[in-house]
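A.B. asks: The residues making up each chain are set out below.
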Amino acid sequence: QKEVEQNSGPLSVPEGAIASLNCTYSDRVSQSFFWYRQYSGKSPELIMSIYSNGDKEDGRFTAQLNKASQYVSLLIRDSQPSDSATYLCASHYSGYSTLTFGKGTMLLVSP
Amino acid sequence: EAQVTQNPRYLITVTGKKLTVTCSQNMNHEYMSWYRQDPGLGLRQIYYSMNVEVTDKGDVPEGYKVSRKEKRNFPLILESPSPNQTSLYFCASRLGLQETQYFGPGTRLLVL
Numbered sequence: 001q002k003e004v005e006q007n008s009g010p011l012s013v014p015e016g017a018i019a020s021l022n023c024t025y026s027d028r029v030s031q032s033f034f035w036y037r038q039y040s041g042k043s044p045e046l047i048m049s050i051y052s053n054g055d056k057e058d059g060r061f062t063a064q065l066n067k068a069s070q071y072v073s074l075l076i077r078d079s080q081p082s083d084s085a086t087y088l089c090a091s092h093y094s095g096y097s098t099l100t101f102g103k104g105t106m107l108l109v110s111p
Numbered sequence: 001e002a003q004v005t006q007n008p009r010y011l012i013t014v015t016g017k018k019l020t021v022t023c024s025q026n027m028n029h030e031y032m033s034w035y036r037q038d039p040g041l042g043l044r045q046i047y048y049s050m051n052v053e054v055t056d057k058g059d060v061p062e063g064y065k066v067s068r069k070e071k072r073n074f075p076l077i078l079e080s081p082s083p084n085q086t087s088l089y090f091c092a093s094r095l096g097l098q099e100t101q102y103f104g105p106g107t108r109l110l111v112l
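Chains as they are written, first to last, in my numbering: chain A, 1 to 111; chain B, 1 to 112.
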């Protein structure tokens with residue numbers, strides 16, 4: 001069973017702080033990893049994708065991948081109230097035609 | 001504008017009345033999927049399609065049908081809806097296996 005695990009939260013951080021969202025996956029042959037942001041009642045939208053070990057930065061967002069530990073994370077610097085949403089981690093497993101999603105972590109950024 | 005569209009966006013129906021939710025993408029994507037999202041259960045895949053006339057079951061296919069007669073369209077069919085199919089449904093598409101997946105705006109379905 002291919003699984004992606006996330007803490008459901010909520011993760012509460014003050015405005016301006018760094019929010020750290022974590023995700024673990026169960027299969028060592030996973031090749032691609034994605035972070036999506038989903039506002040309540042809206043569709044998921046892609047924040048970051050990462051394919052190789054290490055860090056990938058895009059503006060205030062940094063995705064980190066450690067394949068040996070089967071761990072992927074998303075850091076949000078200078079968190080804003082508008083970042084309050086549920087963040088979904090997804091993995092593509094080699095040999096499968098689909099993405100596997102975690103259940104998401106709710107992030108709350110207080111002013 | 002590159003997008004995935006779904007219709008209708010909101011639907012209230014009664015048990016047993018057949019319905020179809022349409023999905024269309026204008027990005028020439030090979031892969032299309034249907035998901036349902038329920039509180040506490042996350043996104044669960046219903047069906048997916050790798051290309052025209054090629055479809056396969058996801059994690060929760062019972063009670064649903066799909067077809068892929070054209071590359072751009074991937075309708076979801078509920079032959080005899082039941083209240084446990086009340087949910088938020090998303091269609092999604094992507095170009096390749098490791099490519100970004102784009103979601104439609106969602107269809108909120110209530111089955112009475």
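Among the hints, a few may not be true.
[Claimed, not checked] Some chain B residues close to chain A (C-beta under 10 angstroms, calculated; not the full set):
{"id": "1", "residue": "Pro8"}
{"id": "2", "residue": "Gln37"}
{"id": "3", "residue": "Lys71"}
{"id": "4", "residue": "Asn73"}
{"id": "5", "residue": "Pro75"}
{"id": "6", "residue": "Ile77"}
{"id": "7", "residue": "Thr100"}
{"id": "8", "residue": "Gln101"}
{"id": "9", "residue": "Arg108"}
Please keep in mind that the hints were generated in silico from the structure rather than gathered at the bench. Glycine included, every Cβ here is placed at the ideal spot set by N, Cα and C.
A.B. asks: Checking against the hints above, which ones are violated?
C.D. replies: Going through the list in order, the structure violates hints 1, 3, 4, 5, 6 and respects the others.
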